[in-house]
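As a plain string of letters, each chain reads:
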Amino acid sequence: MTAGAIASNFDTARPTVSKHLQILTECELLEQKQNGREIYYYINAKKMKEVADFIEPFRKMWDDRFNKLENIMKAYKPKK
Amino acid sequence: MEQKTKINAEEGKQDLVNTREFELPLELLFKAYEDPEIIEQWMGTKELKLENKNHGSWRFETSNEKANMVFQLNGVIHEFSPNQRIIRTFEMDNVPFGVQLEFLEFEKLTDDTSKLTMHIVYRSAAIRDEVLKLPFTYGINMAHNQLEKVLSKLK
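Protein chains in written order, with the working numbering: chain A, 1 to 80; chain B, 1 to 155.
The following block holds chain B by itself, in its conformation from the complex (with noise of 0.2 Å):
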């Protein structure tokens, strides 16, 4: 099965892209990048501020309840142009990543349909593949809350 969300990490570089095909139309895909409230229900993340416009910036709020820990994000927003580019920093509170810059293309391919292209680059190609082995933890979060279920089932 040909896989929808695409990433190219090339070997060594500080950069990946991350590319994705939406059947939905251009000015929806970018509406979700856009609007707060829809951010915040695919994110899963609290929009303490998002200033559209080029020179914004910006602050997200995302909390793990079991972990009990509030995690910040924020960035600057370099360039936005609507229904076609987003050009902004990203960076975590309190982990040592320090801050990346990314890449927003968002394209029309049908009526229906739209792209976007995520090129994301990261301060150093050993910083790059660290925040790459992130989701392994997110991974078995998921597995050991899964585990959790099972075995509260047994009690």
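Isolated chain A, as found in the complex (with noise of 0.2 Å):
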């Protein structure tokens, strides 16, 4: 997708999404393609997998605990 493409999804100005653009793509979350005069944007799924790999077993634990919480109360009777 091209930034303009990208723009027209968002309410933002078009030099915010520029900015946020070019950080993503030093984070090396999105690739540049030069395409004549356009620049293409594409999404390095690899790196985003691994940004998403880091977090994933943190939140796997809360989740098989909050699934325990959910169980427990689900089935939970006040005592009387």
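Bear in mind the hints are in silico, worked out from the structure with no lab data behind them. Hints should not be assumed to be uniformly reliable.
When the alpha-carbon atoms are kept at most 27 Å apart in a straight line, the in silico BS3-like pairs for lysine-lysine are as follows [as the list claims (entries may be wrong)]:
1) 6(B) - 60(A)
2) 53(B) - 74(A)
3) 108(B) - 31(B)
Using the hints, put the two standalone chains together into the complex.
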């Protein structure tokens, strides 16, 4: 997608979108490819996954705990 | 599939936000954080002390039988507002991560559903990232346990 096409999906000003694209590219989450006069942006799926994987075990641990909590409380009957 | 538990940890920041929507009325969700016997069941910790009040304190213990180790967790409760909010500190003994500050917000969504927002602030971004890496070890341990199970069947 071109920067213009991406920006058209957001209400934010075009320079703000460009700035975000620049940062995401620096973080290697996006890749740029020149095509004639246009620059196309691609998602770097591998890098995205790396970022997601970093958080995932932590998220999973809490998800398991919260699932347990939910099950226990669903079965919970107040003591009289 | 939409994930029920969501973690928002921005790059380079020293905090993170953990949110979860429960199929439980607000009162039951809060009770799971208030009643030591219930906490024990879902956290897998033993409650040594839990003073549910402003300026109270808490101390839990968790043991890993396999590693023959006991971890002590402790902190102070800054604010305890039933069905609304718990603000507390959290520290694990004998680890270099220091203390973290936790803001737990409990919200009613409908009569039968509720939401917990857990905002955790670490002393530094570096410490936050170290703590985030911790459960990797946990995952590896789980894999090891599984491996042991499989291997013991072969004997």
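Evaluation of the provided hints:
no. : hint           : result
1   : 6(B) - 60(A)   : 9 Å, holds
2   : 53(B) - 74(A)  : 26 Å, holds
3   : 108(B) - 31(B) : 13 Å, holds
The structure meets every hint from the earlier list without exception.
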